[in-house]
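Trainee: Under UniProt numbering, the first residue of the sequence shown carries the number 1, and numbering increases by one thereafter.
Fair warning: there could be bad hints in the mix.
Stated by the list, open to error - Restraint-style ranges between C-beta atoms, simulated for each label pair: (1) G81 <-> E27: 18 to 26 Å; (2) G40 <-> V74: 15 to 23 Å; (3) P78 <-> G29: 15 to 23 Å; (4) A68 <-> M1: 26 to 34 Å; (5) G81 <-> G14: 25 to 33 Å.
These are computed hints drawn from the structure, not numbers from a lab.
Beta carbons: idealized from backbone N, C-alpha and C, even for Gly.
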Amino acid sequence: MIRRRVLISGRVQGVGYRDTCRRVATERGVTGWVRNLGDGRVEAVFEGTVEQVDAMVEWAEHGPGLSAVADIAVQTEPAEGLTEFVVR
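Work out the full structure, taking the sequences as your base and the hints as a guide.
Mentor: Rendered as structure tokens:
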């Protein structure tokens with residue numbers, strides 16, 4: 001089990017990014033959360049196997065069709081054993 005915190009910048013708020021992220025993460029068996037930040041970025045935490053989390057980070061680099069990701073920062077953290085994926 002691994003955990004990665006991801007900060008995504010660009011046109012990522014108001015384009016369905018959080019809801020699509022939740023749906024994709026749930027489909028892939030990834031737990032964690034996603035939320036909008038006041039500075040226009042989106043923050044997400046992904047927990048799961050290396051393969052699952054890497055796939056979510058790769059998805060986050062592009063996001064849903066209406067988003068325009070400009071930059072992504074990824075930080076590895078200790079896993080907390082989250083049990084679901086939610087939008088905060």
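Trainee: Could you run down the list of hints and mark each one as holding or not?
Mentor: Verification of the hints:
no.	hint	result
1	G81 <-> E27: 18 to 26 Å	holds, 20 Å
2	G40 <-> V74: 15 to 23 Å	holds, 18 Å
3	P78 <-> G29: 15 to 23 Å	holds, 20 Å
4	A68 <-> M1: 26 to 34 Å	holds, 32 Å
5	G81 <-> G14: 25 to 33 Å	holds, 32 Å
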